[in-house]
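Here is how the chains run, residue by residue.
Number of protein chains: 2
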Amino acid sequence: MKSSLIVVGKALRYNLPFLNYIHSTITKHLNLPDQTVYIDKNDKDLFFVLEESISHADEIVIVTSNDSFNLVNKVIATLGEETLELKGGMLIPSKAVRYETDCYLLAREGKYINVIKTTENKKLPPIFIDNTNESSLFSIINIDEDSLKILVEPLAQNYEIRITPTTIIDGWISVEAVSNKYGNLESFFKAVKSLLPQKVIQHPDVIEHICTCLETHGKTLSVAESCTGGLIASMLTEHSGVSAVFKGGIVSYANEIKASWLGVNEETLERHGAVSELCVREMLEGVLNASLADYAIATSGIAGPTGGSIEKPVGTVFVGARDKEGNVLIERLLLEGDRHYIQRQSAYHAFKLLLHVGETLFLK
Amino acid sequence: MKSSLIVVGKALRYNLPFLNYIHSTITKHLNLPDQTVYIDKNDKDLFFVLEESISHADEIVIVTSNDSFNLVNKVIATLGEETLELKGGMLIPSKAVRYETDCYLLAREGKYINVIKTTENKKLPPIFIDNTNESSLFSIINIDEDSLKILVEPLAQNYEIRITPTTIIDGWISVEAVSNKYGNLESFFKAVKSLLPQKVIQHPDVIEHICTCLETHGKTLSVAESCTGGLIASMLTEHSGVSAVFKGGIVSYANEIKASWLGVNEETLERHGAVSELCVREMLEGVLNASLADYAIATSGIAGPTGGSIEKPVGTVFVGARDKEGNVLIERLLLEGDRHYIQRQSAYHAFKLLLHVGETLFLK
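Chains A and B, in that order, give the protein sequences. Take the first sequence: its letter number 115 is residue 115 in the working numbering, and every next letter is one higher. Take the second sequence: its letter number 120 is residue 120 in the working numbering, and every next letter is one higher.
Just to be clear, a hint being listed does not mean it is correct.
Taking lysine to aspartate or glutamate pairs in the EDC-like style, the calculated list, with each CA pair at most 20 Å apart, reads [unchecked claim]:
no., chain 1, residue 1, chain 2, residue 2
1, B, 41, A, 145
2, A, 199, A, 153
3, A, 41, B, 176
4, B, 2, A, 40
5, B, 28, A, 336
6, B, 324, B, 215
7, A, 41, A, 67
8, A, 199, A, 186
9, B, 2, A, 43
Partial list, derived from the structure: chain A residues whose beta carbon lies under 7 Å from chain B [claimed, not checked]:
no., residue
10, 13
11, 14
12, 17
13, 229
14, 251
15, 340
The set of hints was computed from the structure by calculation and includes no laboratory data. Beta carbons are placed, not taken as given, at the ideal position from N, Cα and C, and that holds for glycine.
Modelling step: build the complete structure from the supplied sequences, incorporating the hints.
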């Protein structure tokens, strides 16, 4: 089974927020498409690209801009030797098996082709296609990829599961598990969990898992961010219903804000600098005091590309997590990548520490 | 000129933070690739997909996982009827015109093929390819797409520029301008600016433009976010050097945090609710007082999918911007899309208001 996403209309290409919305909606139906093609409606290869993409995939979603919908419909009809018919106020290929305003579905030689017309800042029309693969994403922490292969691969074969592990950060591996015909994902998960106690998070989204566990136990979280600059708060608040567990966050970018909002000692900042274990320790304490939350995470580091020194090169980041009883973990990292990737890796490392500080909640 | 990005290795596909890093690095060299293909190294179509992608594009970047680099090199050599040679410790196609550790460049029949080997959490090797199109992104605010076409399109033709406008939010259009052979981007920009005074931002990234203008004038900014939950702070801190102008942000998700951190009146919250003009007004005042910044932006709304009511359905968002002299703009929005797209549109609307409140700085 191969899937393809084709985006027609050059204007869509430059509208990154809208494109993100399209992507995140499509991937709920197609998992991650094997191929993504962007093409302008005036591109002379349009016919050819559509023909080729349709011939090599089984599930095709074609997203068009407002002004390229009609043209795409003509091309799709021609490719299938169909005529255009007026259905639901749209001129669409005659053999459409399903349609609603601004979208239709074709079933052609065992393939599904779903065409949708989009308008910026508007809700997407419904998507009819649905990938039927039984697959699942989960995470394993505190394990390296080699050990995972040695330990989990044989189990996967036993249960007729194919797994694809990928290292998100050191000690945090995300695994896609796809069930073969006679495979059994549930039994596989049980076996992995009993093989690796307190290491498996059976949820495609670890952050959502954290929020759910906090809510179940009536606990709350707050964050104090320096180098991640709001990214951790933003990753949390991407999830609906987080307001029950996320009290708030402080982005303390300037040093005087660290002092005035979080109560970090000026002496700490002077003697150790903002990028220090002690500063993160005080940020954790400060945000817990200010928010009265049960758990806190904090970051301070040099995301670059400027601001590095010999002692603390770019990529030096301190991350920490703490509960209100005073259990605290702080780590010094040396990360690679561009500014944004360093920020994102820092965020994942901070969440990993939170998993450990609250392991009775999160790693049962 | 067509460009293509091919990602080989299934594990890369599921590592979204790393994939984002790859994308943002590649797009500095290729603008936005016309085609993006993901393929597993064990996929029986690998040879075919590489052949096809190379034949239809002029600039091809192939990103491989650690364990698929050698296989890809073999395929690429076979396709070009080259042998493999040991260069720089790698077995790569014999006609590579340039190589460094983990990467090489081929020039084949007027096409450029750049292969790079990647490892999670590590810096990417250098990318040799560089798109030579003279193109530029800029933004126009307070104009609709139809007026833009009527006013700017003839100018573009005069200067031999092709433009592609896309509406980011209502009244904020991002425009890609590509110069033809004899085109003149600089003169075109001057003409557009004098045609549309105080509406043109000649910078590919409006947020970076805001930061630069603030820094030039020695001004600072702080933010108070409810429904955007850290996204605005995160969009600001994606830019290096923002520490000179961004003092800090407060993500006041819980109502008690709005009261205790920002000084929002409990009466306001009780009588008008957190999603109200008055609440945003007090959030702006609160964060300015707490940070002593010159400008502030604030948001409060219902990003959904739950939490809506008849009076305030999902997508109802109040955004505001203010300076310390008390000039303030607040807007009530009704946005469509999923949770994340509503958050992102809110953020852009808030930045748009900031552009207006600080127009002497930002819209000269």
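For each hint, the structure was consulted:
1. B:41 to A:145: holds, 18 Å
2. A:199 to A:153: holds, 16 Å
3. A:41 to B:176: holds, 16 Å
4. B:2 to A:40: holds, 12 Å
5. B:28 to A:336: holds, 18 Å
6. B:324 to B:215: holds, 17 Å
7. A:41 to A:67: Holds. Residue 41 of chain A to residue 67 of chain A sits at ~9 Å (cutoff 20 Å).
8. A:199 to A:186: holds, 17 Å
9. B:2 to A:43: holds, 11 Å
10. 13: holds, 6 Å
11. 14: At 5 Å from the nearest chain B Cβ, residue 14 of chain A passes the 7 Å test, so the hint holds.
12. 17: holds, 4 Å
13. 229: Given a least distance of 3 Å, the restraint on residue 229 of chain A holds.
14. 251: holds, 4 Å
15. 340: holds, 6 Å
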